[in-house]
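Could you put together the complete structure from these sequences and hints?
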Amino acid sequence: MSKISGAIQLDFVGPSPFHADFYLNQCEDEPSKRSSFFELIHAKVPGYDKLQFKYLGSKFESEDIAFEALISELSSEIAFFYELKIMHSCRTTDWDRIQSKLHELLELEDEGYKKTIKDRVSIKPKLLNGLYREIGLFKGQEIYQKNVYEQYYFSIYKSEKHNIHLRPFIDAALENWSSYPVKETSEIVNYFESKSSKATELTIVFLAAVFGGAIGAAITVLFGS
1 MSKISGAIQL
11 DFVGPSPFHA
21 DFYLNQCEDE
31 PSKRSSFFEL
41 IHAKVPGYDK
51 LQFKYLGSKF
61 ESEDIAFEAL
71 ISELSSEIAF
81 FYELKIMHSC
91 RTTDWDRIQS
101 KLHELLELED
111 EGYKKTIKDR
121 VSIKPKLLNG
131 LYREIGLFKG
141 QEIYQKNVYE
151 QYYFSIYKSE
161 KHNIHLRPFI
171 DAALENWSSY
181 PVKETSEIVN
191 YFESKSSKAT
201 ELTIVFLAAV
211 FGGAIGAAIT
221 VLFGS
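In terms of the UniProt record's numbering, the sequence shown has 167 at position 167, counting the first letter as 1, and numbering is strictly consecutive.
Calculated from the structure, these hints are not laboratory results.
Just so you know, nobody snuck in bad clues.
Pairs of lysine-lysine, DSSO-like flavour, derived with a Cα cap of 30 Å: (1) Lys183 with Lys124; (2) Lys146 with Lys161; (3) Lys161 with Lys54; (4) Lys139 with Lys183.
Right, here's the structure in full:
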């Protein structure tokens, strides 16, 4: 099996992260006056919540037609919910990649780790550059995703163009939005990059002094003789 390079974009999320069971029932009484033909009874129970949608039989010719109408009415909120879950999954994957690179860097900086010239000259700079790149991309993605879900939220819940049923689930997803220590991680990377730069400068100065001294000694020997 060949290895796939790059990140994998999720097209499907499963099992369903929407922790609720949906029911559709006909009612005889007129639902409360509202723009929707459906009335939601939300029961919070252990495990999955119970969402029971009631519709007035006189408004639909059959249960199948009522079901199709309900799906259409819920589509925007459900799409938003799953978009948030996909965003969250991608953020977790991206941050895990940053943490993995940071762990490699910390291992190189461990006093007990025997560093080779290759570690100092090749691997460490690549790790630092990779971390700067990944953190920069992560920051940009955070700004982009925040703009996306704020626009979604406004379009559905502030524009008054949609019938609202699932807002508690959307709000819960946003309230549980993970916060990552981006600033602190950047400071750690900056510290080790600065430390590496100083070590490189000292090495250059040392080598210049050694070679300068050797050249000076050679000139003294040549012209002294």
